[in-house]
Amino acid sequence: MVKKSVFLVLTVFSLFAASAQDDEKAFKFGIGGTLSFPVGDLKEASSVGAGFHLLAKYAVSENISVFAQTGVDVFKNKYIDDASTNLVHVPIMAGARFNSNGFFAGAGVGYGIWGGGGGTANGFHFSPQIGYEWEKYQVFGHYGSTKVTGGSLSYAGITFFRTF
1 MVKKSVFLVL
11 TVFSLFAASA
21 QDDEKAFKFG
31 IGGTLSFPVG
41 DLKEASSVGA
51 GFHLLAKYAV
61 SENISVFAQT
71 GVDVFKNKYI
81 DDASTNLVHV
91 PIMAGARFNS
101 NGFFAGAGVG
111 YGIWGGGGGT
121 ANGFHFSPQI
131 GYEWEKYQVF
141 GHYGSTKVTG
151 GSLSYAGITF
161 FRTF
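The opening residue of the sequence shown carries number 1 in the numbering used here; numbering runs sequentially from there.
Keep in mind the hints are simulated off the structure, nothing from the lab.
As the structure is a computational prediction, the values presented were derived from the model and not from experiment.
It is possible that some hints are incorrect.
List of simulated lysine-lysine pairs, DSSO-like, C-alpha gap at most 30 Å [claimed, not checked]: (1) 136 with 43; (2) 78 with 43; (3) 76 with 25; (4) 147 with 25; (5) 147 with 78; (6) 76 with 147.
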């Protein structure tokens, strides 16, 4: 499943790159980090999460952009100080943003893959986002939630991207 997910993400990034050949300013690729804090069910077993993310963004118009985003987040086990008990999250999503004077708001939807601690949980993932973009940088607050059997795994966080 992870191999198929990685293939899907690479395909989406390739499509964004191919469509950007006509207008280099409309396409941006980003790399960055995220800091997340568990809420709800996830808060019961995990403390802070940190991750590394990739972004492909295409400006459809002056005020609307679409994006694809993926990454890896690691949530530290709250009770056991052993890396093998940490939860690993791989969000794979696409979405849209509305932009005005550097500020943006939008949401991404897709698939969330969770593993670690001897188990896995996967499901529908969504992430509303609000932030600011200037020159080659983006910073935004977000909420991420994956619907899994018996509940959801959710977090709130902040992400910083350097775009190219």
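Open item on the list: Output the indices of the hints that this structure fails to meet, ascending.
Closed with: Numbers 1, 3, 4, in rising order.
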